[in-house]
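Undergrad: Chains as they are written, first to last, in our numbering: chain V, 1 to 321; chain E, 1 to 314; chain Y, 1 to 310; chain H, 1 to 497.
Rather than coming from a laboratory, the hints here were simulated on the basis of the structure.
The beta-carbon is built from N, C-alpha and C at its ideal position, and this holds for glycine as well.
A few of these clues could be false.
Per the computed footprint, the stretches of chain Y lying under chain V, defined by three or more beta-carbons under 8 Å from a beta-carbon of chain V, are [said to hold, decoys possible]:
# : region
1 : 88-101
2 : 122-136
3 : 147-159
Calculated lysine to any residue pairs in the SDA-like style (CA-CA distance at most 25 Å, straight line) [what the hints assert, rightly or not]:
# : chain 1 : residue 1 : chain 2 : residue 2
4 : H       : 362       : V       : 291
5 : H       : 384       : H       : 178
6 : H       : 114       : E       : 195
If you want the ones that stay clear, here's a sample from chain E, every Cβ over 12 Å from chain V, calculated [as the list claims (entries may be wrong)]:
#  : residue
7  : 89
8  : 125
9  : 129
10 : 202
11 : 300
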Amino acid sequence: MSAAQPSPRFPIARLLRDILPYAGLIAVLLFFSLSSDFFFNLRNFERLVTDSATLMLVAFGMTLVILLGEIDLSVGAVVSLLAVILAQIMGAGLPWPLAVLVILLLGTAIGMANGIITVLGDIPSFIVTLGMMAIATGLSFVFTGAISVAILSEPFLVLFYDARFLGLPVPLWITAVAFAVAIFYLTRTVAGRQLYAVGANPAAARLSGVPVRRRKITVFAIMGFLVAAAAILSAARLGSGAPASVPALTLDAIAAVIIGGASLFGGRASLVRTLMGAALIAALNNGMVLMNINIDAQYIVKGVIILVAVVLERLASGARP
Amino acid sequence: MTLRRANLADYGLVLAVILVIGALMLISPAFRDPSNLIGIGRQVAILGIAAAAMTFVILAGEIDLSVGAVASAAAVVTALALAAGYGAWAIPIGLLVGAGFGLLNGLLVVYIAVPSFIATLVSFFIAQGVALTLTGGQTILFDADWFRALFATGDFLGSRAAFWWLVAVALVLWWLLARTRFGSNTYALGGDAESAAMLGLPVGRLRIAIFTMTGALMGIVGMILIARIGNARADGAIGLEFDAIAAAVIGGTRLGGGYGSMPRTMLGVLLIGVLNNGLAIMNVDFNTQQVIKGALVVGVVLIDRWVRGKGAMG
Amino acid sequence: GTAEALELTPEQASDIGSRGLTFGFLTNNQSDDFSRTLVAGAEAYAEELGVELLVSNADFDANTQLSQFDALVQRGVDGIFLTAVDAGSIGQAVRRANQADIPVFIVGGAPARGEVISVMNAASYQGSYDATAAMMEAIGAPNAQVAILGIPFALQTIRDREKGVLDAVGAAGGQIISLQSDFSQDRLLELATNVIQANPDLAGIVATWSLAVNAATEAVEQSGRDIPIAGYDSEVPGYMQFHSGDTNIVALSGQQAALQGRAALQGLSQATLGAELCEEIITPNLLVTADNYQEMWEVQYPGTTPPWEN
Amino acid sequence: MRLDLTHITKRFPGVLALDGARFDLRAGEVHALMGENGAGKSTLMKIVSGLFPPDAGEIRLDGSVVRFATPAEAKAAGIHTVFQELTILPNRTIVENLLIGREPTRAGGLWLDKAAMRGEAQAILDRLGIALDAGRLAATLSSGQRQMVEIARACAQNPRVLILDEPTSSLGRAEEELLFDLVRRLREDGVAIVYITHRMSEVFALSDRITVLRDGRFVMAAETAEVDRPALIRAMVGREVAEDRHGLDPDTLPVALEARGLSRGRAVRGADLTLHTGEVLGIAGLMGAGRTELARLIAGIDRPDAGEMRLFGEPYAPGDIRQALARGVAYVSEDRKGLGLVLPLSVADNIALPSLDTLATKGIVPPRRIVAFARDWMDRLGVKAASGSVAVETLSGGNQQKVALAKWLAIRPRVILLDEPTRGVDVGAKAEIYALIRQLTEDGTAILAISSELPELLQISDRIAVIAHGKVAGVVSAADATEERLLDLAFSEDQAA
Ligand SMILES: Nc1ncnc2c1ncn2[C@@H]1O[C@H](COP(=O)(O)OP(=O)(O)OP(=O)(O)O)[C@@H](O)[C@H]1O
Ligand SMILES: Nc1ncnc2c1ncn2[C@@H]1O[C@H](COP(=O)(O)OP(=O)(O)OP(=O)(O)O)[C@@H](O)[C@H]1O
Ligand SMILES: [Mg+2]
Ligand SMILES: [Mg+2]
């Protein structure tokens, strides 16, 4: 299942092995490119990545959470809540840099709360974050009177969506940096490497001197931070803070991680593959629009494509779930 | 750590649920009205059946995201069959649709080795697509009082048929789980799939059976759904999967498998039902309800956990 | 202005047809009758005109809708019509459409920013006011206790509908004793049942969206009590209720979705031809009652056979 | 009954586990299957048990070729196996574990007969002389007890072929005797028994014939009577292995750890210990005597209800395992699968896990450093694996044990608690580990070694403390200790109770 195969002797073989896991995504991209002349062009890809920044950030966090054998169902609701609060405090005249800072702190705090209750209460994070989801959703409606709050600060809107740096959109940079940092954390830091053990066998990890509880709380805090970042990008993109603005986000993020070959019950997950999973989902949503498929059939097509992609990917990487 | 300990542990959840019910009874006269309390029984019928099935799936170490969409699809097909005058044949047809999707899930998981999360996500999409295509987004009306009476509206021993369906399904699944080989194999499978295979248990067949059974039960759910309201819609039961998983987990079923029980799941269902009913009757608005429910659910599970003490999660 | 003002002359129509245009058509969801009728109306008319229509649905996810919108802009369609998940959250994309000067025509409130050729609105407030007023009249008695059954949605039209109800009830000297909302028909049935259960003096129920109407009628029927109902959205179940001759529904306010769908393409076409549209286009609602349901069907669902005839 | 395996070949990614191996088995014999760690013994038996098919070769049952696609089919053919890695389901009771798949039912299979289940299970335990309450949750059993349950399950299904893959690896002497009687009885009844072990004494005490595998190939088969110990070892390891014996007088050495009146629950009831630097203190005792529990207290995994400890003179009361580690106390668990290793993780990550902090500079560890570090320790203990990056779960049992050891030796502890340190380790490797332990003592490490294998204790220990009923029943210096003496103490009655 998760046995890391010994690396093949021949470079070609190794190359193949490294590419094959992405057969699924590649297949989907080919499919859309062939079936729509509008899909395969750089601008569209750039837009695709920029627009999926929110999903990507959340999916990265979700990868760590799921790696630990935990889950966070509150992300979608919290993104909306934070976006709403962001819009409101900016509306109340708080300069945007401060507002952004407040949101990042608040998000981290919420994530940490999830972690602390899960760990100290020793109850499933499924329940804790389920509760958090309901609470966040409720609050986002209560705060706004169920009407979205417009964001007027142009500099904010520009900086976090349209602005480019070295020719690439800022959201893309933020995603890239988050990805790089997360990779570094997982592969090169003590805390990060310990996560695999914690997820695969908490008892053994504890006996190996890994501070299991602290690690879990940290990861939930990181998740919270990324959710906040996602909320900021989403708010800038939508130009508003709207309650229940992203009902699809949570499931999409979890799906991205699982499509990326992670085990829903911990111990196995990969950021790179999550990235692929998220890209696959984004490509699906984007490609569908361009392809003029009957709106009812779209669901079926989506399902079948995911299946095909995953099966290809599994066969290719020889992994048995 | 023997049975007595386990029973004792169960009282944690009972206690917590009783606390909630008690509180609501004190606050709201309308809530403590007997006919309302009886009403809760039928109001949780659909959730209850779905949660019972989901408990099986989770105990086996799997997950099923398709139940809501499958129930909807089954509901639509049944309604169309009734409208087209198939009469009693509509029932087996609906069951087959549900079981069919369940079987699909099972086959994908066992033979193509796709994780159940994805397999059932796929059939979720397919089922939803099918339902939408069949209805074209319209509300399907049908006219079959016998059907509605049989699955929902009919009165029997002072309660509605829907409630008795829940009772029947819950009892059967409890029996399957706690009193048959099928059940103990399910626990074994969820506890440690590898060992279960080494012990020569028919893990593949077991998984397929569980998913198919769940699908068939979603057929029944679909029928109760349309029997209650008298029409069918493509989105009739969307989101059910989520509440079902929640109820099971609130009941202490361990995601990942091997630990949990039918009575406890039913307590989880009862809690959700009571909260929905009580808060609505007290005319708490939807969003405030969410906040309260969120907090209470976590609170209840904390109490349960605390009473059960350390290592009780097996 | 009204939808009629958008009608194309035969010349204009053939002109449009000759241009091989592609319009994007985004709905906030695809499972409710309104969206379907809207799409059906648009698709039918697209056939007639000879323009390609790209239809997508956002399943009530504002983020998704924005992506879909951007994808359309990216593809460079000739015009976009949308029923916004949240008008306040689509502005950024509308701006980008403006930059690519793609005309945008929106239903349900102007976007927070960006230029749209026009905003099409059903008469949400007036519609629900009229239906409610009819119900209050049927009840007759003063300070009647009324319950609202709604949907917990961040949509302007929903707020307008609720306001319409409040005002109409207030005007008739009644009082709102409960406001419950949910997304699912089944839960709404429970809510309605609970409200009836809990309020022996309940005099009327106003349902502010289609599923709530179904739920309310069913709940009242099951309760065996005789509680008048007013509703927003008249759909097949509602019509069949009227047709049955025995119903508690006093009046339903029906949106002219088909008309809106048609008007959508006409508006975009007009814009393509360089015409100026007036800022807001109101499509008045139909007040459907037991007396007029037969005519109303034809108006609301033109060219379809009424369910009671097959 | 006759079972013939010929030209069996099995390849796993990166390893050729079996290379044309052969093996034959007759009714009424105990056939010992011997070989170094990774020789392919378990793989061969897994193939016979229908866990996976061979890449090549054939299996003949009574002359006719058979192919077992699933364990169920093998069982149907009367082949029952006790696998090396326990398959006990911790979340089920002993009853459910014993009868899984063949529970007695009423009403034509419609209803599990719980009463009958309980009765039958208890009967099985009693018949085999296993003193356990069948209602207990498997999770609460010590690994020795789990292994007895596992054995009971296989034997209770009256097999034609019984495969025992290192059944005694965590059994004490008493249970070992139980098992031997059982095996002999079954042999009388004409059952064919495959017996895999690394304990030489058992082979000669029990087996009629011996087959030896090396690197997946058949090396030799012979009547047990015709081979002697050195010859057997030579066949297995391909070289001589020295088996010396120690016994210095530790009282001259400074005290490393001192425990007084340690107690926890019913398992440990007032144990006193003194452990010197550079000494190996063996811990003997019957299964369930409380040895592991005692070790867990010292290692800071559990907190004692009563009693106190001193470490190098300082008061020592670890609040949790990290504090114990910080003070240089390490514990190698007896439960490899559950507590010792993270099976899906790579060998390198497992070895480095407790050392990450020391390997890191400012919390950052270059993967290269981890690989090199692990490589070094793999070499020191001679871990047999395709590379440091393969998952531990793909290693042979003995090699897994070496990884479990390496991981802890790598933190260079001052006091190390070894719980069944050579579980499933082959003679050659054992000698290496013993040497290693010696070397550690020379560096002044204090070692507490729990083992259920008395010869082992006698060989590695300077002194041996015998635990009975959670108390130290006596301490004898290895020099004048004998198995009989130790057993007497182990069985000595509990005065308190
Ligand atoms: N599932 C697997 N995947 C990859 N390699 C495996 C797998 N199982 C066993 N091996 C390899 O096959 C070889 C033989 O393993 P096996 O378990 O049969 O040895 P063994 O004789 O039982 O050793 P021990 O005495 O330590 O149990 C070893 O090199 C092991 O790493
Ligand atoms: N995790 C546990 N939970 C509850 N009881 C346990 C647990 N582990 C061991 N016990 C019980 O504590 C007593 C001592 O167990 P322990 O493991 O210390 O025995 P042991 O001497 O180490 O024997 P073995 O070598 O078989 O482990 C036994 O009765 C055992 O059943
Ligand atoms: Mg082995
Ligand atoms: Mg022990």
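Undergrad: The structure should be examined with respect to each hint, and the outcome stated for every one.
TA: Okay, the hints, checked on the actual structure:
| no. | hint | verdict |
| --- | --- | --- |
| 1 | 88-101 | holds (count 5) |
| 2 | 122-136 | violated (count 0) |
| 3 | 147-159 | holds (count 6) |
| 4 | H:362 - V:291 | violated (51 Å) |
| 5 | H:384 - H:178 | violated (33 Å) |
| 6 | H:114 - E:195 | holds (23 Å) |
| 7 | 89 | holds (26 Å) |
| 8 | 125 | violated (3 Å) |
| 9 | 129 | violated (3 Å) |
| 10 | 202 | holds (18 Å) |
| 11 | 300 | violated (9 Å) |
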